[in-house]
Amino acid sequence: MKFAIAVFSPAHAPSSRRALLFAQAALAGGHEIVRLFFYQDGVHSASGNIVTPQDEQDVPAQWREFVTQHGLDAVVCIAAALRRGVLDEQEAQRYQRTAVNLPAPWELSGLGQLHEAAQVADRLVCFGGN
Amino acid sequence: MKRHRSPIGSSALGAIEMAKSLLIISRQAPWSGPGAREALDIALAGGAFDLPLGVLFLDDGVFQLQAAQQPGQLQQKNLAANLQALPMFGVDELFVSSVSLAERGMDAGNLSLAAQPLDEAELSALVDRYDQVITL
Amino acid sequence: MTTLHVLSHSPFGDNRLASCLRLLGNADAVLLTGDAVYALQPGSEPRRQLSERRLATRLFALEEDLQARAIDPAGLALAIDYPAFVELSIRFDKVNSWL
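Residue numbers (the working numbering), protein chains in the order written: chain S, 1 to 130; chain E, 1 to 136; chain Z, 1 to 99.
No wet-lab data here; the hints were simulated from the structure.
None of these values were measured; they are calculated from a predicted model.
Treat each hint with caution, since some may be false.
To be verified - Incomplete in silico selection of chain S near chain E, CB under 10 Å:
(1) A4
(2) A6
(3) A25
(4) C77
(5) A80
(6) R83
(7) G85
(8) A92
(9) Y95
(10) G110
(11) G112
(12) L114
(13) H115
(14) E116
(15) Q119
(16) R123
Said to hold, decoys possible - According to the in silico footprint, chain E covers these stretches of chain Z (three or more CB under 8 Å from chain E):
(17) 1–15
(18) 82–89
Glycine residues also receive a C-beta, built at the ideal position from the N, C-alpha and C atoms.
Construct the complete structure from the given sequences, taking the supplied hints into account.
Rendered as structure tokens:
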């Protein structure tokens, strides 16, 4: 089974963690994730600048590790990210901003990537809110 | 590993006759943040690829269709322009919950966009016939 | 086509559960996650409404969220883990998350 998973909430929201655990369970069950797509406040789940207190679960680090370990296609919506200050090196340069907070493995791209993933996948599963 | 991304998607979007249909259920009031506009953006992006999609305005989402709004008072761009762009992008399956309208004292005949009012049983059938749904 | 509706907001002061139940099809299912499991709070109005719908084997709740909140789903909802969540998303034709 091919899954497209879309995340609409920041890393501190329980639904971001839930998306991660669902994605891990999908792979563990022998399924494929064709793409992870981060939209709206979900772009913050990909931010590399989040500092989690040491005694708390570091969800953004776990996302990064999960994406890297499995070589997943993880796309962050560029329009939603720019609006919320989540920038890769290229965009930080383009808009002359001082901070880069979207390192690899994340990639910025457009909403067409969400539609393409939904077309390719057998199931589109969205996570957001609380 | 850098993947090549074509600006208009890739081959998967070429096979339109096989395309899965998507229903976007928009539940957000228009001036509570970027949510309503970002929901519409999903529809407009899909329309640009000729994907079969519909939009249902539900709950506070019906306030997006209120006529004679003046978002300039809040220094906001007019959402009506994006709404009107939907049919131009090929998104002409537009629906609105008649229960949500009635709850808010609104009249289906006086909306800023022509959307088909649906009762509860029709809403259920609508969700049923789409391949995928995004509710936001 | 059947739909698995996924809720994550508390039903108290939010109309997602009510709207979901209004458009729920006869073969559709509901999965409560996060604060949405408060809908199963014994003695509450949302729990009464869910019982009235007689969803039987079509009402699920994420086990970790139930346990974290000390909510007992007994007799109304089936508690599931993440592998079962994945299987449910496959058993139904589509997943509609109420974001």
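Taking the hints in turn, this is what the structure says about them:
Of the supplied interface hints, the one on A4/S holds, with its beta-carbon coming within about 9 Å of a beta-carbon of chain E, less than 10 Å. Checking A6/S against chain E: minimum C-beta separation of about 8 Å stays under 10 Å; hint holds. Annotation: A25/S was flagged as interfacial toward chain E, and the flag is violated, the nearest CB pair being 20 Å apart, outside 10 Å. Hint on C77/S holds. Least Cβ distance to chain E is approximately 9 Å, under the 10 Å limit.
For A80/S, the interface hint holds, since its Cβ comes within 10 Å of a Cβ in chain E; the closest pair sits about 6 Å apart. Because the smallest distance between the Cβ of R83/S and any Cβ of chain E comes to about 7 Å, under 10 Å, the interface hint for this residue holds. The beta carbon of G85/S comes no nearer than 13 Å to any beta carbon in chain E, farther than 10 Å, and the hint placing it at the interface is violated. Annotation: A92/S was flagged as interfacial toward chain E, and the flag is violated, the nearest CB pair being 18 Å apart, outside 10 Å.
Hint status for Y95/S: violated, given a least beta-carbon distance of 18 Å to chain E, over 10 Å. At its closest, the beta carbon of G110/S sits 7 Å from a beta carbon of chain E; the interface hint therefore holds under the 10 Å criterion. Proximity of G112/S to chain E holds as hinted, the smallest CB-CB distance being about 4 Å (cut-off 10 Å). Interface restraint check: L114/S against chain E, minimum CB-CB distance 7 Å, threshold 10 Å, status holds.
At about 5 Å, the closest approach between the beta carbon of H115/S and any beta carbon in chain E falls short of 10 Å, and the interface hint on this residue holds. Using the Cβ-Cβ criterion of 10 Å, the hint placing E116/S at the interface with chain E is satisfied: the shortest such distance is roughly 5 Å. With a least beta-carbon distance of about 5 Å to chain E, the hint placing Q119/S at the interface is held under the 10 Å criterion. Restraint check, R123/S versus chain E: the minimum CB separation of about 8 Å is within 10 Å; hint holds.
Here's how the region 1–15 of chain Z fares: 3 of its residues keep a CB closer than 8 Å to some CB of chain E, so the rule of at least three is met and the hint holds. Figure legend: the region 82–89 of chain Z, annotated as covered by chain E; annotation inconsistent (0 residues with Cβ-Cβ distances under 8 Å, at least 3 required).
Violated hints, in rising order: 3, 7, 8, 9, 18; the structure is consistent with all others.
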